[in-house]
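For chain R, the structure is supplied; the task is to place chain X on it using the hints.
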Amino acid sequence: MKALLEARSLHAGYGETKVLHGIDFAVEQGGVTALLGANGAGKTTTLRAICGMVRTSGEITLGDERIDGKATEDIVQRGVAHVPDGRGTFFELTVEENLRLGAYTRRNRHEIAADFDRMFGYFPRLRERFRQQAGTLSGGEQQMLAIARALLLRPRLLLLDEPSFGLAPLIVQEIFGIMRRIREDEGVSILVVEQNANLALDIAEQAYLLETGRIVISGPAAEIRRDESVRRSYLGY
Amino acid sequence: MEGVLHQVLSGIASGSIYASVALALVMIYQATHHVNFAQGEMATLSTYIALTLINAGVPYWGAFVITVVVSFVIGLLIERILMRPMANAPVLSSVGVFIGLLLIINSCTGWLFDYMIKTFPTPFPSGPPLFSGYVSGHELGSTAVTLIVLLAVYLFFRHTRLGLGMRAAAFNPVSARLVGIRVGWMLALGWGLAASIGAIAGMMVAPVVYLDPNMMSGILLYAFAGALLGGIDSPLGAVLGGFAVGIIENLAGAYVVGTELKLTVALVIIVCVLVVKPSGLMGRTVLSRV
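Residue numbers (the working numbering), protein chains in the order written: chain R, 1 to 237; chain X, 1 to 290.
Chain R on its own, in the form it takes in the complex (with noise of 0.2 Å):
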């Protein structure tokens, strides 16, 4: 099957700093895909390159459509949703107005409306939330908010950077099992970004290990768990 998403020898860094040296991986339709690492790896710098936020070389096709080098904006249009590093809240708006954000590129004012009710479904605390300032809300619900505001987008592919920083384990587990429920349900495909590989290695079905700037392992997730020296250096047991 042909993959959603494909990045060939692709490099990227900011100003002098060369942070990926040329590296090749896919999304496939449908799947989630982990990109693991430790930090400084590259792999928050490989995120914002598929979305045009770092100058890049190399080649990014979404679909059948070279996407690298396009403005970030245009990228987004074509259906690519992040969920950037530190969630990317607006705090000064309201809950409301931040999903409201999340469906900016579309029209259909019922389509947006049951996809509301649809993210409240899987999130009921923001609907409890959502007349408030989005700023006051706990980490885990801004991280809620977060995936709920990209899903408004109905995005084809789903950009996550580390649901799991900064939250308490049961939260964590909760984000989860709804991204289980989410990959069912919406069809989306997703590249997830974890320090915390046993979460990410348990909802994906491919994997991509990121060591300074190269990938050094990839395979099906359940391969590169039984990988002597991953498990040794990123399971811990």
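Check before you lean on any hint, since a few could be wrong.
[Claimed, not checked] Now the stretches of chain R that chain X is said to cover, found in silico as 3 or more residues with beta-carbon under 8 Å:
| hint | segment |
| --- | --- |
| 1 | 72 to 80 |
| 2 | 84 to 92 |
| 3 | 207 to 221 |
[What the hints assert, rightly or not] Derived DEER-like restraints, expressed as beta-carbon distance ranges:
| hint | chain 1 | residue 1 | chain 2 | residue 2 | range |
| --- | --- | --- | --- | --- | --- |
| 4 | R | P124 | X | R84 | 40 to 46 Å |
| 5 | R | H21 | X | L281 | 52 to 58 Å |
| 6 | X | V91 | R | E223 | 52 to 58 Å |
| 7 | X | V65 | R | I112 | 32 to 38 Å |
| 8 | X | L162 | R | A113 | 15 to 21 Å |
[To be verified] Counterexamples of contact, computed for chain R against chain X with all Cβ distances above 10 Å:
| hint | residue |
| --- | --- |
| 9 | E6 |
| 10 | G40 |
| 11 | R118 |
| 12 | S164 |
| 13 | G177 |
| 14 | D202 |
In short, the hints are calculated from the structure, not lab data.
Just so you know, even glycine gets a beta-carbon here, dropped at the ideal spot from N, CA and C.
Just chain X now, kept in the frame of chain R:
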């Protein structure tokens, strides 16, 4: 007592002008974190455009609408051509551009329309003052116009998709791009809108203070005081601050410092706010938990 009431009412009338200009300042401040020192001169230029149209025989409200549209385009172009390359520049560079813009527009209006003080027509009936002498027709009319403008701006930002997009772009440009908002255009629209609001303020104040290339310099100072008083990052605060400064200025001018020293009131307010409550009365302290 009647005198006080009279001063308060004309304070509200001039306050509505300050409120509009303060709102224009805040709009650009929220998006760029810079105060547009050229806001006043842009409004003066717009007022000259209106006068030229009126002298050419265009009816007042036609000239009004054309001026608002032309000012919008001018604001848009200033952002696209001058401010865009400055997006990542240090603060001082931006301040330099603002001051340069102030001087250039000021000199250009003087050069194009000369430095003679000109009268500017009012569209409102000038007969005997209304409300038994408290308010003139122009004061009432211009206050109404600015209130309508402020209300329209409020409704636009609160209840339209574009208004929400502009607020999002101002608060968090990175996230705004990630939901598909064209942040660059939102900034340009903000400049256009600010220029239009300034143009209306200029046209409303010109019949009172008369038109010359330096017409708005004092008004910009009052507006800046109003914006600071209300909170430079709060549109509602800036508007209320503008009205408050108008009333304070009139009362102080009549009873405390005399009309010659009125402008110092603005400076006193600026200093007091910065010393006592730098965030202003309604400046938002954003709560955030992580």
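Verification of the supplied hints:
1. 72 to 80: Holds: 4 residues of the segment 72 to 80 of chain R have a Cβ under 8 Å from chain X.
2. 84 to 92: This one holds; 6 residues, not fewer than the three required, reach chain X with a Cβ under 8 Å.
3. 207 to 221: Coverage by chain X is violated here, the residue count being 0 at a Cβ distance below 8 Å.
4. P124/R - R84/X: 40 to 46 Å: Holds - the Cβ-Cβ distance for P124/R and R84/X, about 44 Å, lies within 40 to 46 Å.
5. H21/R - L281/X: 52 to 58 Å: holds, 54 Å
6. V91/X - E223/R: 52 to 58 Å: The hint (52 to 58 Å, Cβ to Cβ) holds, given that V91/X and E223/R are roughly 53 Å apart.
7. V65/X - I112/R: 32 to 38 Å: Between V65/X and I112/R, where Cβ atoms are some 34 Å apart, the hint holds.
8. L162/X - A113/R: 15 to 21 Å: holds, 19 Å
9. E6: holds, 21 Å
10. G40: holds, 20 Å
11. R118: It holds; R118/R is separated from chain X by about 18 Å at its closest Cβ, greater than 10 Å.
12. S164: The claim holds: S164/R sits with its nearest Cβ about 14 Å from chain X, beyond 10 Å.
13. G177: Label holds. Min Cβ-Cβ 23 Å, cutoff 10 Å.
14. D202: holds, 26 Å
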